[in-house]
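Colleague: Those sequence lines, one after another, are chains X and L.
If you want the working numbering, it's the 1-based position in the first sequence plus 186.
If you want the working numbering, it's the 1-based position in the second sequence plus 240.
Any given hint might turn out to be false.
[Stated by the list, open to error] Computed, partial: chain L to chain X, Cβ under 8 Å: (1) 272; (2) 282; (3) 283; (4) 289; (5) 329; (6) 333; (7) 335; (8) 346; (9) 347; (10) 349; (11) 351; (12) 352.
These are computed hints drawn from the structure, not numbers from a lab.
Values in this document were obtained by computation on a predicted structure and should not be read as measured data.
Glycine is no exception: its CB is placed at the ideal position from the N, C-alpha and C atoms.
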Amino acid sequence: DAGVTQSPTHLIKTRGQHVTLRCSPISGHKSVSWYQQVLGQGPQFIFQYYEKEERGRGNFPDRFSARQFPNYSSELNVNALLLGDSALYLCASSPTSGGVAKNIQYFGAGTRLSVL
Amino acid sequence: GENVEQHPSTLSVQEGDSAVIKCTYSDSASNYFPWYKQELGKGPQLIIDIRSNVGEKKDQRIAVTLNKTAKHFSLHITETQPEDSAVYFCAASKVRGNAGGTSYGKLTFGQGTILTVHP
Numbered sequence: 187d188a189g190v191t192q193s194p195t196h197l198i199k200t201r202g203q204h205v206t207l208r209c210s211p212i213s214g215h216k217s218v219s220w221y222q223q224v225l226g227q228g229p230q231f232i233f234q235y236y237e238k239e240e241r242g243r244g245n246f247p248d249r250f251s252a253r254q255f256p257n258y259s260s261e262l263n264v265n266a267l268l269l270g271d272s273a274l275y276l277c278a279s280s281p282t283s284g285g286v287a288k289n290i291q292y293f294g295a296g297t298r299l300s301v302l
Numbered sequence: 241g242e243n244v245e246q247h248p249s250t251l252s253v254q255e256g257d258s259a260v261i262k263c264t265y266s267d268s269a270s271n272y273f274p275w276y277k278q279e280l281g282k283g284p285q286l287i288i289d290i291r292s293n294v295g296e297k298k299d300q301r302i303a304v305t306l307n308k309t310a311k312h313f314s315l316h317i318t319e320t321q322p323e324d325s326a327v328y329f330c331a332a333s334k335v336r337g338n339a340g341g342t343s344y345g346k347l348t349f350g351q352g353t354i355l356t357v358h359p
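Sequences are here, hints too, so could you generate the full structure?
Modeller: What follows is the structure, given as C-alpha cells:
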C-alpha cells in the first residue's frame with residue numbers, strides 16, 4: 187500500500203509569492219495533519235483536519251491556511267511568503283477505528299520549500 | 241501548551257553498544273508518546289510508541305520507558321548498527337474526545353538527537 191504522498195518534493199519561490207502544497211493520506215485514513223520542520227529542529231504543528239473540518243491549529247499566522255477534500259486529500263496554502271517560511275513541510279495521516287481518529291500519525295517525505 | 245525537551249542533541253556510539261535518548265514533557269495530561277527516526281531527505285518514520293497506561297514497551301532491539309510521575313520517557317536501542325544512524329525525535333500528544341466521539345491530538349516534538357553509530 188502507498189504511504190502518505192506529498193507534492194511537489196521541492197519548490198523554490200520568491201518573497202511575497204503564494205504556494206500550495208498537496209498531500210494524499212494513506213488509503214482509508216481520514217485525518218491529515220501538517221507540520222513545518224525548520225532545518226535542525228523538530229517538526230512544529232500547523233493544522234489538523236478530520237472529516238474535512240479543521241480540528242486543531244498551531245501558532246502560525248493567518249497567511250497559513252489549509253483544507254481537506256471529500257477524498258481526504260489536503261492542501262496547505264501559504265500567502266505572502268517570507269524568507270523564514272523556508273522549511274520542510276510535512277503531512278501526516280492518521281487511521282480511524284470505529285469512527286474515531288486515532289492519534290498515531292504516519293508522515294510523508296515532505297515538500298522542501300525554499301523562499302528567496 | 242506542551243513543551244518537550246530532548247537530550248542529548250548528538251550521540252556517538254560504537255557498533256554493538258547501546259544508545260539512550262531521554263525526553264521530558266511539561267503537560268501532565270499528555271498520554272501518548274511516539275518516537276520517530278528521520279533519515280536524510282526523508283520524513284519521520286514511527287519506530288515505537290507508548291501510551292500513558294504502560295510503563296515499558298519493547299520491539300526487538302528498541303525499547304521505550306515512561307515515568308509519568310517524573311514526566312519523562314526514554315528510548316533505548318541495544319546492539320546498535322550503522323543503519324541506526326539517523327536523527328531521532330520524541331514527541332508527546334494529548335488525546336481528547338468530543339461530543340462527536342472523535343479523538344485526536346497534535347504532536348509536540350523534541351529538538352532531535354543525531355545518532356551516529358561507528359562501524
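Colleague: Run every hint past the structure and note whether it holds.
Modeller: Outcome of the hint check:
1. The interface hint given for residue 272(L) holds, since its Cβ lies 5 Å from the closest Cβ of chain X, which is under the 8 Å cut-off.
2. A hinted interface residue such as residue 282(L) counts as satisfied when its beta carbon comes closer than 8 Å to some beta carbon of chain X; here the least separation is about 6 Å, so the hint holds.
3. With a least beta-carbon distance of about 4 Å to chain X, the hint placing residue 283(L) at the interface is held under the 8 Å criterion.
4. Annotation: interface hint on residue 289(L) holds; nearest CB of chain X at approximately 7 Å, less than 8 Å.
5. Taking 8 Å as the C-beta contact cut-off toward chain X, the hint placing residue 329(L) at the interface holds, the least distance being around 5 Å.
6. The interface hint given for residue 333(L) holds, since its Cβ lies 5 Å from the closest Cβ of chain X, which is under the 8 Å cut-off.
7. For residue 335(L), the interface hint holds, since its Cβ comes within 8 Å of a Cβ in chain X; the closest pair sits about 5 Å apart.
8. At a threshold of 8 Å, the smallest CB-CB gap from residue 346(L) to chain X is about 4 Å, leaving the interface hint in force.
9. Checking residue 347(L) against chain X: minimum C-beta separation of about 6 Å stays under 8 Å; hint holds.
10. With 8 Å as the threshold, the beta carbon of residue 349(L) comes within range of chain X, its nearest partner Cβ sitting at about 3 Å, so the hint holds.
11. Because the beta carbon of residue 351(L) sits about 6 Å from the nearest beta carbon in chain X, less than 8 Å, this interface hint is met.
12. The beta carbon of residue 352(L) comes within 5 Å of a beta carbon in chain X, closer than 8 Å, and the hint placing it at the interface holds.
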